[in-house]
Structure formats: C-alpha cells, structure tokens
Amino acid sequence: MQTVTLTLREKNRIPIEADTISPDNFAGLSERDIEQIPLCLGNTQVFLGDIFEVVADGSDSAENVRIEINGDLSRIKRIGQRMSAGEIVINGNVDMHCGCSMTGGKITINGHADNWVGCEMKGGEITVNGNAKYYVGSGYRGESNGMSGGRIVVNGDVLDYLGEHMCGGEIVVTGNAGLLPGLSNNGGTIVIGGNTTMAAGEMKKGMIVIKGNLEEMLPIYREDGTEEFEGQTYRKFTGDVNVKGKGTLLVK
Amino acid sequence: MKVITDVVCPFCGSLCDDLTVKVEDNVITDIQRACILGHNKIAGVCLHERIESPMIRKDGELVEVTYEEAIEKAADILANSKRTLSYGWASTSCEAVSKAIQLAEETGSLIDSTANVCHGPTVLAVHEKGSPAASLGQVKNRADLVVFWGCNPVHAHPRHMSRYSTYARGFFTKKGRKARNIAVVDVRETDTSKLADKYVQVDPGCDYMLLNAIRSVINENEDVIPAQVAGIPKEEIIELATMLKEARFSCIFYGMGTTQSRSKYKNGDAVSSLLYDLNQYSKSVMIPMRGHYNVTGFGQVANWETGYPNAIDFNRRLAYYNPGETGASDVLLRGEVDSAIIAAADPGAHFAQEAVRCLAKVPMIQIDPYHNATTELADVVIPAAVVGVETEGTAYRMDSIPLRMKKLIDTTFKSDEEIVTDLIEKVREIKGGA
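So the protein lines, in turn, are chains A and B.
Numbering that gives the first Met the number 0 applies: residue 0 is where the first sequence begins, and numbers increase by one.
Numbering that gives the first Met the number 0 applies: residue 0 is where the second sequence begins, and numbers increase by one.
No lab work stands behind these hints, which were simulated from the structure alone.
Just to be clear, a hint being listed does not mean it is correct.
Simulated crosslink set (DSSO-like; lysine-lysine; CA at most 30 Å straight-line) [unchecked claim]:
# : chain 1 : residue 1 : chain 2 : residue 2
1 : A       : Lys132    : B       : Lys81
2 : B       : Lys128    : B       : Lys197
3 : A       : Lys243    : B       : Lys128
Covered, in the sense of this in silico footprint (three residues per stretch, anywhere, with C-beta under 8 Å from a C-beta of chain A), are these stretches of chain B [unchecked claim]:
# : stretch
4 : 116-122
5 : 160-174
6 : 404-418
All values reported here derive from a predicted model rather than from experimental measurement.
Yeah, the Cβ is synthetic: ideal placement off N, Cα and C, and Gly gets one too.
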C-alpha cells in the first residue's frame, strides 16, 4: 500500500494543469520525488511541492496507490487523467477534465466537479458527491466516440450535454440534468434521477432512463409500449428515427 | 482627384466589392453603392475623432507617450504574464491575424476572435457533421428558395438581399425576386420577415425542436410529430419541410437566432443534419451570416496555422482548442487571466459584465483606431490604421471567398500588422532571443 496526501497550500487563480497527478505516476516514488513532479501553471512550469504539501507513506504499484487531495481545487485541471488503476479521493471542488481518458481505478470527489469530468473515459469509476457542470462523460469536440466504458455517478445535478457522443459505459445522475442529455448516444446507459429536457437527440443505440420529468420531448421518437427498469414501469420510446436509431428512451 | 473602383467595404461579412470611392487631397469625398453601415465606416475615417497618439495609463489617467515607449510597455506586460488573453482580431487583415497568432504562440497566450460571442457555435456545429456550403455567387445564380433563419439581413447585412440572396438576377434566376421563394424563421416579426413569402414564428429557444420536426417530415417520420412543435402547428411544419424538399436549390442563411439561443451549437448541427436529409432529394446548402468583415478570415488563418479556428491556448507550447475552456468569455468569467491584449474589437462594450470586470482588473493593451469602451479600461493604447481605407490587406467573405482590401488614402498610423510585428520583436528582445 502506498498512500500520498496532498494539501493545497494556497488557492490559485490561474489554472494549474495537473495531469501528472495519478496513481500511475506516483507509484513507487518517494515524498521527495513526488514534490519534484512538474505541473503547468499558465504558461510556466512549477513543482508539485510548490503547490501542495506532500505526505507520502510506503511504496507500491499503481493499483495499490491511494492519493488523497485536500483543498479547493476549483482551478486545478486534469487530475487523474489517463489513470489505469489505484484511487484518488478529492476533498474539495475540482476543475475541468478530472479523470478524463481514464481506463481503470477509482476517483471520488467530495465536492463539485467542473466541465468534462470523465470525458473520453474507457474504464474505472468516478463518483461526484456534489454537482457537476457541462459535458459530463462526453467526448472531445468533433470526435464521434466519447466515453466508451466505466461508470460515473453524480450525487447531485449536472448541466447541459450530459454524455454527449457516449458509446459505452454508464452514467447515473441522482439529481437534474440540463439541456440535451445523451446526445448522439451510440451504446451507453444514462439514468437521470431528476428532471431534464430534450433528451437523446441523434441516439443510435443505448438507453436513457428519465425518472423525473422530461419537460420537452424531441419530435424524433416513436412510442413502443412499456419497459421495466429497476422495478418501475416506464413508457418506452425508440429512436432517433431520423438516424434510423434503435436507442431506448424510458420516460414516466 | 482619384476615382477608385472595385473598393471592398470593410464593415460586414457581405464584403461588397463594388464600391467606387473619390479621393481628393487625401480626403474621401464620395462613396458610391455602400450601405449606411459601410458608408459611415469609410467616410468616418476622415470625420470621426481618432486616437491620435499612443498612450500609457499613469496614476489612473491615459497619458500620451511615444510609439516606442508604448511598444516597450506592452511587450513587457506580455513577456512577463502567465496567462494572457489575446482577443478580437476580426476587423483587421489576415496578415495582421497571422502575426497575432505568432505573438500568442511566442508568449504562451490564449487567442480568440469575436466568434466567441457570435458564430463560435457555428464552428462547433461544423465540427460535428460538416457544412455543405456554396459561394454567394452560386446562391445568386441558382437558389429558388432562400431561408433566413434567426437573422435579419435588412438591418445587419443591408446589401445582402440585393447583391446575393433575394433580389439579385443570376444565371438561372433571371427573374430576380420572382425567381425565388423567401422564407424567414424568427421569434418575432422583423424588417426581413416582412419581405418574406413565408414567415414562421418559432417559440424562443425552440429552434432545435423545430429543426428536428422538419427532419422527421423529410425522413417520412411524420407520425412522431405531435400537433404542435415550438409553437407551430404540424401542418405548417409539413408545409415548410415540403418547400425545402421540393426546391431545386435552397440555401439556409443563419445568424444569432440559432447560435446564441438555447441549444446553441446544436441548432447549427441540426441544420447540417437537415441538409444531409434534404440533399437526398434536392440541393441544399448553409451559409452563416458572419458579422465582422474578416472574422471568417481569422478562422481561415487560424485553421491553416494552428489547425483550429479560434479559442486557441498556447500555454503548453502546442495549440490546444476547447471552447468552453479556452474561449475568451470562459477565461474572463473565471477571472483566470493576468493580462490581455485587445485589437479590432470592443469587449468593454459587448462582453458580459463579469467578464468586463476581470478585464478592468488586469494590465490590458488595446490596439484600435478609435476610442471605445475598452479604451476606458486599457493600460496601454496604440492607435492603428483602418484596413480597407488606410492600409491594404486580405479579408474573407462569409462564404470563405478571399478579397483584397484596398488602400484609399495615405496615413501616418501604423497598421495592426506592423504594430504586432514590432511587439513580437520587442518580446523576443525582452525574453533574450526566442
């Protein structure tokens, strides 16, 4: 077991890009080594030790590394980017691209996440105990494939474009979602506990379940009987008919 | 006295290239065929008060300084910043834009154009499914159906309808206005909708719903459309869809009604998807009504130099693009910049209040011919020559056709291109030779 605790020294205004903070990068490193890891602050480079107080214990491979980060990280981007194993726990808010492109491991955010949390995710798990903003679990602009695996749970609300271009994996939002969730879904599953609107445009495959109210239904879905999900019966719609989609939209 | 023909107007994205200008003793005395917007811009160069001298703010007041002092101070700000926003660049030449991008790259800055608050979503839509387009000449010569969706050319592009899209007599459209049907989709009646053959009033924020409904008609999925969508009865939606499907050549011109309303870039994306459907039966294209005369040019230059059309972040020495993260409004609203350089735009007047507050708090350089709201916040001000009147340059029309802007009169003001070139040199000197 290797545990590393990072405590933010001072809240920054100019964003820091911290894609080097991941269990894969910390595995087997000493406290001193971790302090020397480079981070990007605007157009300059700084050392991790300048930004965080580091307390490290033990040495192990990535899957047994646990990183705990304390502080308001709402201007620290890309934490856990591309990680393949291990655990990160963030006690505070976090900035954009947290856990993006990850393939394994687990991230828990005890705070709010910003845009693009878990974008292009391939595997692993992200839990946000707070709200998240735009493009949760989506792809990069112009990519036809976004999130392809893994699981994101948001115990709060999210904003627009939830899971855009998703093609696999699972997203669960316990609260409300903004506009246009599940755009261009090509194989993933999205469950929205609260309300949303204009869901599932251009869906080809996959499933979207709306437990709350769907305020506006796009005129691209054909009603197709009912279906049960987690013990509840929903009206079932198939579409997007204009892309010959076979996606499933379950609404109350 | 000189009579200069084929003058290209430096105001809007229509980039009219048929103006005739008379110049006597280096003063513009007559302008033919310009609309009121273009006329005011060109004539204004000899009439309006200019920023006469470079200035630096000292103890809260802008004080006149030499050009060299201003360049030194500006370069110093840029060389020592960790996150500079370079913004504007839409009302200047492609040559100046190219230099601006170089300056941004060498200072690890973020550069964005006015598309950020205008047609940025159009570009985002194009990333999704492309943009079946044509030149304005093709529309003039062929279109028997023109749709103005969420735009008002009578006000914003005054000669567009007569030169290109509505009244123009083209090769296959010799009857001019009578050769075409004009449809307008908007949330309220406008001076443009009053000229339409068919006006469709869509509920505010519901363009995406309507576009999807039209797609359902085209794709023979009428049964999924309810009795009313976006405030429009089903029969009217079918009528509009049929007009589009039965046209020989249709063009959808679109503006802020689609890019800045709810659903933003998904509206433009739905238009290109609709065109994909229509092009199975007919020929249909889309052209964005670009506002500034060379915002398209910024996109062109940025594309071929960086691979991206705007909102480019050079902080990690490579070009990174992600509107929503790297757009001018994004970084200002988050208060995450420590300096700014603004040229050929006026964010002081046009940006959200929170963004303007951020600009006010950081050292800011302005390059502009005229005093504007942004000048009130600037710390270094450098006056520039007006492209298309006092200096030459290339600009791109809304349909991506490049035209050469002419120099009509002489001036002592430096061009944006020269100013940015001097800034690059000074920054290199300060940084010790990059």
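Task: Distance restraint between B/Lys128 and B/Lys197, which requires alpha-carbon spacing of 30 Å or less - done: 28 Å, holds
Open item on the list: For a C-alpha distance cap of 30 Å, please report whether A/Lys132 and B/Lys81 respect it.
Closed with: 26 Å, holds
Task: Hint consistency between A/Lys243 and B/Lys128 [alpha-carbon to alpha-carbon, up to 30 Å] - done: 17 Å, holds
Open item on the list: If you count the residues of the stretch 160-174 of chain B with a beta-carbon closer than 8 Å to a beta-carbon of chain A, do you get 3 or more?
Closed with: Violated, because only 0 residues of the stretch 160-174 of chain B bring their Cβ atoms closer than 8 Å to Cβ atoms of chain A.
Open item on the list: Between the stretch 404-418 of chain B and chain A, are there enough contacts, at least three residues with CB-CB distance under 8 Å, for the coverage claim to hold?
Closed with: Not satisfied, violated; 0 residues make the cut.
Task: Outcome, coverage of the stretch 116-122 of chain B by chain A - at least 3 residues whose beta-carbon is closer than 8 Å to one in that chain - done: Three-residue rule not met by the stretch 116-122 of chain B, so violated; n is 0.
Checked against the numbered hints given earlier, the structure breaks hints 4, 5 and 6 and satisfies all the rest.
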